[in-house]
Each structure stands twice: as structure tokens, then as C-alpha cells.
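The lines below spell out each chain.
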Amino acid sequence: MIHRVSRRSLIKGAAGAALLGGVGMPAISRAQSDVIRIGHLTPLTGFLGPVGEYAVMGVKLAAEEVNAAGGIMGRKVELVLEDSVNPQTASSKAERLVERDKVSMIIGEISSASGLAIGQVANRLKTVFINTGCNSDALRGANCNPFMFHIEAANSMYVETAGNYFLRENLVKGKKWFTLTADYAFGHDLSRVARGFLQKHGGTLVGDELVPTDATDFSPYLLKIRQARPDVVASNLAGNQITNFIKQYAEYGLPFPIGGFGFDTVVAWGAGKGNFAGIWPLPWHHLVDTPSSRKFVEAFTKKYGKPPENQSWGDYHAFKLTAQAMNEMKSNESVKLSEHLRKGAKFDIGKSREGYFRPYDNQMIMEMYAVRAKEASKQKDQWDIYEALGTVPAPGEDLEVLAPPKDGACKMPA
Amino acid sequence: MQFVFVLEQVLNGLLSGAYYLLIALGLSLIFSLGGIVNLAHGGFYAIGAYAAVVLTQRLGFAPAFVLSPLLVAMLGVVIERLLFRRFYRADPILSLLLTFGLAMVIEQGLRIIFGASPQPFSIPPELRGQIFLGDFIYPRYRVIVLGIATLAVTATWFIVYRTAFGRVVRAGVQNPDMVAALGISLSPYMTAIAALGIGLAGLAGVMLAPISGVHPAMGAEILTSAFVVVVIGGLGSFWGVIAAAALVGVVKGVTIYFNPSWGEASMYLLMALVLLVRPRGLFGERIERFE
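Note that the protein sequences, when read in sequence, are chains E and W. Each step along the first sequence adds one to the number in the working numbering, with nothing skipped, and position 410 is 410. Each step along the second sequence adds one to the number in the working numbering, with nothing skipped, and position 29 is 29.
Hints were generated in silico from the structure; no laboratory data involved. In this text, all values refer to a predicted model and were calculated from it rather than measured experimentally. C-beta atoms are modelled at their ideal positions from N, C-alpha and C, and glycine is treated no differently. Take the hints with a grain of salt, since some may be wrong.
[Said to hold, decoys possible] Simulated restraints, written as ranges between beta carbons of each label pair:
#  : chain 1 : residue 1 : chain 2 : residue 2 : range
1  : W       : T150      : E       : E298      : 45 to 55 Å
2  : W       : L273      : E       : A228      : 50 to 60 Å
3  : E       : Q88       : W       : V277      : 51 to 61 Å
4  : W       : L94       : E       : E99       : 36 to 46 Å
5  : W       : S187      : E       : A228      : 49 to 59 Å
6  : E       : S352      : W       : L273      : 58 to 68 Å
7  : W       : V77       : E       : S352      : 32 to 42 Å
8  : W       : V4        : E       : K173      : 28 to 38 Å
9  : W       : F3        : E       : R294      : 56 to 66 Å
10 : W       : Q108      : E       : A409      : 52 to 62 Å
The following block holds chain W by itself, in its conformation from the complex:
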């Protein structure tokens, strides 16, 4: 009988991995192309959530759902043009400091504009309700979130692996000098990838806002989990991030079933274990830049 409940937690873990996935994927994308470890990534997730709250009050939920990630992606363009591009070939410690500062600016900015109190926001009535799969219960809204997350990840995969644009990006990751020698300017590609990665964080913020509390520190809260996912999966690896997100979700869910107070700690233990066996993560490749 207990097996059924563990299975329920495994399934739930697989599903909740989708939240980490969206944020971790953008983090990984931005890292692979420009070598920037974006500590402000959680901040963009928070901005996405706040944008959803503000736009929903004025336009309703559906338009807000579409517009907010686009707004955050546009913000990503601005940030990439003004800040990120100055740090692409520099010592990674500089971009770490930059994005750490940016994360604090975003969090304090949200606190100054909206206050520290959580913003009231809930699932619109028409999307409420639950779905039963045998004995397993799952809220309808989370199924929709899962569907959109799958779409977004598939689209990202398609862009990176199946288009001319993606070929240039992947070549740029491998050997930027050769790409430049071929007469292709990587600069617009970098901007587009930053916009895509940051837009994905914004999308995650929009989708999670009705489920979790919308407050200034929400970015910092989720960023740690996203980093653990990226590190377990292997920095810069597309499939690594997907596998790690599912793994972290399942390990957390099952640990909570047996010993709740170890729930958060379990993912760090998992990370330590993976790094012991595979120091570059599950699907990590050699990273020339750091060696």
C-alpha cells in the first residue's frame, strides 16, 4: 500500500520539477553562450510575477499571462545590451559581482515600489479545480502550467537544435573566434539568447505567481534550487538540466514523504553525491574557460 503513496510522490516530484526546469534552463543558456553566471536570474522570475499581478489588475489574467514574459524578455534585451556584454570575455568573478548586485537592486527595487508584503494573487476561478488520476489528485492549474512549461522547453530545444539561428549559437558556444572569422557577428545572437533565457524566468514567475506567494525575496528563494539543478545537470547542458530538474523534484518529494524536515536538505545531498561521482554534473562537458 505504501508503494502507491511513494509512487504518488514520485509523480508529483516529476511534475514539480517543471518549475525548476524553466528557471534553470534560462540560467544554463545564458551561461553557455556568454559565460555569465546570472545570479540575478531569480530577480527576473520575481519581476515576471509582479508584472503578472499588475497587468492582471488592469487587463485580466490571460493578457497578463502573455504580456508579462514578453516584457521581462525585453528587459533582458536592455540588461544584455547595457551590462552583460561588457563582461563576456572578462574574469567570471566580475560578472558574478555584477549579477549579485543586480539581484539586490531588483529585490530592493520591488520592495521600494510594492512593499515587503506579499501581493494578493490567485488562480482565476475558471482555472481552479482538480484532476483525479485514479487515487492521485492534481490541481488543474498545475496541469496547465506543466503543459505550457513543456511547450516552452520544446520550443527552446527547437530553436537551439533545429534552426540556423541555433547552429550559430552552438558554434558560438564551441568556438566564438571561428564564428567571428567566418564573418558572423555573435552580438545579436547573444542578445537574443539573453532575452530568451530571461524571458523563460519571467514566464516561470508568471506561472508560479498564483500558486506561491508574490513577494520581493521570491527570486532568491527559487534561485538556489535552480542553481542546484544546473550544477547537478552539468553547466550548459540542455538535457542535463531537464534530467536534473526531474531528479531534484522526485528526490525532494520522496524525502518529504519519509522525513519532511530533510526535504530541502535532500537536494544538496543529491548535489554533493553527483559531484563526487561526476564533478561536472550528470551531462556536463569540459568547460575550457575555467580550466
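Extracted from the complex, chain E is given alone in its bound form:
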């Protein structure tokens, strides 16, 4: 994993970075035939930057472990890490990763808007892209393609998971809901799915406010919520928005129970003591008690001095399952990898049941988790903010009940 940088590419990279608004220097490596290169593309700046940082930690740990275990087909694996910044940049960087850096495949992304752009490049260049953080159902529906895979859960899976626990608490039927929604592709999609869920289970939406991704002051929204007097306040927000929202919600001391349909643990860790509240869904969390999950948490905590975030889980396992698949196929060819993954190969992804990619839309079919905020007085350290509620689907229940509906929106070209 040593990145050799030639002077010329360094200058080019520096010029490019300066043009893009001073983003960190991309790690560029020269073509070497004895290594297998895997591209990692995720936002490190902007309102999703904190989440992206955990993605990079996860994928680096996975690369280290794979190399220590002999690499892929005996060859060393090299990561090419890039900051995807925004959809335009993400798309051109994805192209550069494939055409200049000759990566075998691409892992990463968190913004659904950028994920869509990378997915289109992946399809055009016939290179596998495993999405580790974009939740929009649309990426699995109308925008699906045979080269874009999703280890990240879809919005509908998040909504069903949190919804399952809201139903158990009698917070849905006949209740008034007020939601705040991130004003971009992900938020709009999540809001649509959440509305569908409430409608199906007899809840009413009394307000849904679109919040710009660069908003920092939530006080006007909180006053509106107070005026609407809902039974539940739910977040369809993303990244740093969630930190600001839960901090300021606690500050205003509104009495309505809160929760969320989309979540990333890092943003709640960043809120500070006594602010986090409610029920939230996660594709995985660091308290999941399975042998491989415990091993991952231990290795991560040892390397970085803090527990892995759910985003680290996605990037770590995307890399691990790629290495496993390539070793099984004895090839690092992307078209073959795509076919192999679509044939239903099973993978240990740190949960009690193995997961697999569903050929209908390339969605990883897997268990999900919900968590509930812990009382501030019972928290041991800054990472000990929630308690595990359990798995959805319940043990024994069919895994696919959670997956996005096969509504025909995804027309996968054969």
C-alpha cells in the first residue's frame, strides 16, 4: 500500500486539487503489473466528510488484513484513495480511476447523487462499483445497472427497520408525524419511502420540511415543530445535519419523542453528552454480537483507538468480499466479478446470517438493526450512546422481506 508519486502526476494532482477547492492530495500510483489496485472513492469534505473518514478507516483496515493474509491470488492489493467531493467530480474521478489508474473495481461513496454518477461510469466502463453508503431506493430501482452493487441498505430497508420498532412502541397508528428531510436526492427518496410507510400503517404526516444541506441553525424548524404539536418527530436528515438537529432539539427541550429513518452513528457521537435520543435504524453497529463482528470491532479499535462506525462496516466488508470473490474466481476481471456476485455468492458480513446480492437489483440481502438512545447517566464513554434493540427481520424470518419491493422499476439489461 505504498503510493509512489511521480513528479509530473504530483503537479497534475496538485493543480487538480487546487481547482477543486483545496481538497486533500489524491493518492496516485503508477501502473505496476504485480499488484491489484482497487479504487476507493468517497466524500472526505463537505457535510458527509465525517462519515467518509470512517469509510476510509474501514477500507484501509480491510486492505491491510487482506495483504497480511496473502493478498488476492498471491498478489498484493493496493488502494487508490480519492475524495469524491460532489457528483461532477465523483464522475470524473471514477473515470480516471478506471482508465488511468487501472483499478479492478471501485468501492465507496456516501452521497446518493454522487453514487448515481459513479454507477453510470461503472456501467459504461464495465467496472464493478460496490456502493457502501448511498441509500436512495432509486439507485436500486430506475437507475439500477449490472455493474452497480449495494452493500449499503436501501432507504426502504432503513424505514422498515426503524418502523418495525416504532410500531412496537405504538407510535404509528393514529399518530401525527413531523419529519425534517435533507434537501437532496437521498432525503427526497427517504421522505417518499417514509410517507409510504406511515400511510400503510395508519399514521399521518402533519409536516415535512426540506432542510438545505448547509443549514446550521434549526431554530426556525424547531419553532414550527412546536407549533404543529406532533406525536413524533422523525429525521430524514443526513451527515452533519443530524448532529445539529439532535443538539438543538435537546436545547429547545421539545417534549415530542424523536427518532429517525436514516442514520450514521458518527454524527450522534459528535453531538455530545445528553443530546442523543430516540429510535434509529442501522445496517450494523459496533455492539452486534457475532464472532466476525467482534473480531472486526477489536481489530478496528486496536488500530484507531475508537470503535468502528456503521460506515466503516460497509467499506471494510465490501473490500473483504471483493477479495474473497476474486480469490474464489481466480480472476480480478470486473465483468466476471459482476457475474459472480450476481450468481448469489454468500458472504460473512459480520451479522448472524450470511448476506448475498439479489440479482434483481444487486442489493445485498441482509439483516438490519435498530438502536435506542441510552440514558446519559448510564453511558460509559463517548461511544456508549445507544443500546441494541434487535435484528430485523427476526431470526428465522425470510431475509428478503426487508429488501426494496420488486416493483419492476429496475430493468436490468441482461
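We have chain E already, so just place chain W on it with the hints.
Structure of chain W alone, referenced to chain E:
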């Protein structure tokens, strides 16, 4: 009935304008004296917030609250001595480039030292709670912030308009050559004003850290709003900045009441409108340097 809720948003807007005010005021001060458009101003705001987080862990909230803005002001002295003063009479594009670079260095520096993840930080338990004014609810901490902001702005006003120091500064803004001819070296005044302006940004960072997320890009986030405030108020105008901060707060709050997705856009529209009618901002004066 709806009128009451709009009034609530107007009041909230007036109060939240105080946050923009502190940052915009320093920006305006530094611009009026040295002609430097400080794009790194948001960076100093972020440093103030991080200093509050680090110092609170070691000394507790109250000492951190006092020390952090002072530390940031001292940093302002260093920056002014080493960098700003080389650009006072130069082409403004040079100082723009300098401070743009400085902003990136600060943001990446914070990212390298502390990581991109937000730093956990909250309001100390004794300052939590809300105040009710009739049906209007306001967190106690924000009332304290408002009080301190008012104090800081009043003190700045007093320094600039009611002291001998301030007279020299204002004379320096009007005619630096004449001040020099009178045998007064403006140099220490420039340093002091930069320290004051940057210290105010640091103070804003300290006060907002418990409310908003503390992360490396927080400076860039707030700087845009601060610039809009300064441009609406008129570059270099003390009262302009105060009026514009209140106006931006109110327009944003009321827009969010009627159409939330236009919340951020509303302040840019307001800026466009003001500039159409008064190209130098509400209270802007002629700026010889640029004409």
C-alpha cells in the same frame, strides 16, 4: 393566529442574527482598516470552537469560554504581523489569494489534527433549560449567548467610537497618509484591530460550539452567511453590519416558516435586491481604494 407564529419567527430571526453579527463585524473591521477581505475569518471561528472543546476537557467550560477567544486573538496578532501587513497597500486580489489559502490550511490542519468527525460538545448542564416568553420558547443558553454578543458588540463600538485609540483607527481608515504625516504609526493599531476582529470570530466559535456541530468545515459554512451580511450592510460600516445581521436573520426565519427549502436561498435573494437598489450596501460608503 398565524400572525403570532410569524412574529415568533421574526423574534427568533432577530436573535439568531447575533451569530452572524459577531463574525461579520470582525470581517468588516479588518476590511475597513487594511483593505483585507479575510476569507480565513471562518477558519478562526472554527479554531475558537476547537479551542473551546480542548480547553473544556482540561479546565472546564467557564475558563475555556474566557481563554479560547483570547487565544484566537493572540493568533490574530501573529497572523497580522507575519502575513496581513505585507498586503495592506497591495492589490486586493493578493490578499484574497492569501486568505483563501490560509482558510484551506486552517481547515485541513484541523482535519489532520482532530479528524473529520464532529467533536462531541454540549451545553453544560447548569446552562441548559428554556425560557418562555408567553408562548414563545427560547433556550436559556441562547439568551446568554445573545447577552454576551451584545456586550461584545457594544464594547467594540465603544473602542472604535469613544476612545482615542478608535479615533486614530477611524482617521487611519479615512486617510492613512495624513495620520502618518502627523507622526502616528498605524502599525500597532492595525495589529490591535486584526486581533480584535479575529478574536470576535473566535468568541463566536466558542459560543456556537455547544449548539452547532464542531467539525473542520464549520468555518466555510458560516463564512458565506457572514459575507452576505457584510455585503448587505455595506463593507466597512459598523451600523450596516448590525442592521444586515438582524435583517438576514429575520428574512431567513420568516422564509423558513412559509417555505423551508427557500431558507438558505432567501438571504442571497435579499442580497441581490439590496445591491440592485444600493450597490454599496445599506450603509455603505464610497470605497476609494476600489474605484
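Hint check:
For the hinted restraint 45 to 55 Å between W:T150 and E:E298, the CB-CB distance of approximately 52 Å keeps it satisfied. In this structure the hint that W:L273 and E:A228 lie 50 to 60 Å apart at CB is violated, the actual value being about 31 Å. In this structure the hint that E:Q88 and W:V277 lie 51 to 61 Å apart at CB is violated, the actual value being about 35 Å. Distance hint for W:L94 and E:E99: a CB-CB separation of about 38 Å, consistent with the stated range 36 to 46 Å.
Take W:S187 and E:A228: their Cβ atoms lie about 57 Å apart, and the range 49 to 59 Å holds. At roughly 59 Å, the beta carbons of E:S352 and W:L273 sit within the given window of 58 to 68 Å. For the pair W:V77 and E:S352, the beta carbons lie near 59 Å from each other, so the given range of 32 to 42 Å is not met. Checking the proposed 28 to 38 Å range against W:V4 and E:K173 shows it holds: the Cβ atoms sit about 32 Å from each other.
Look at W:F3 against E:R294: about 59 Å separates their beta carbons, and that is inside 56 to 66 Å. Remark: the range hint 52 to 62 Å for W:Q108 to E:A409 is contradicted by a beta-carbon distance near 41 Å.
Violated hints, in rising order: 2, 3, 7 and 10; the structure is consistent with all others.
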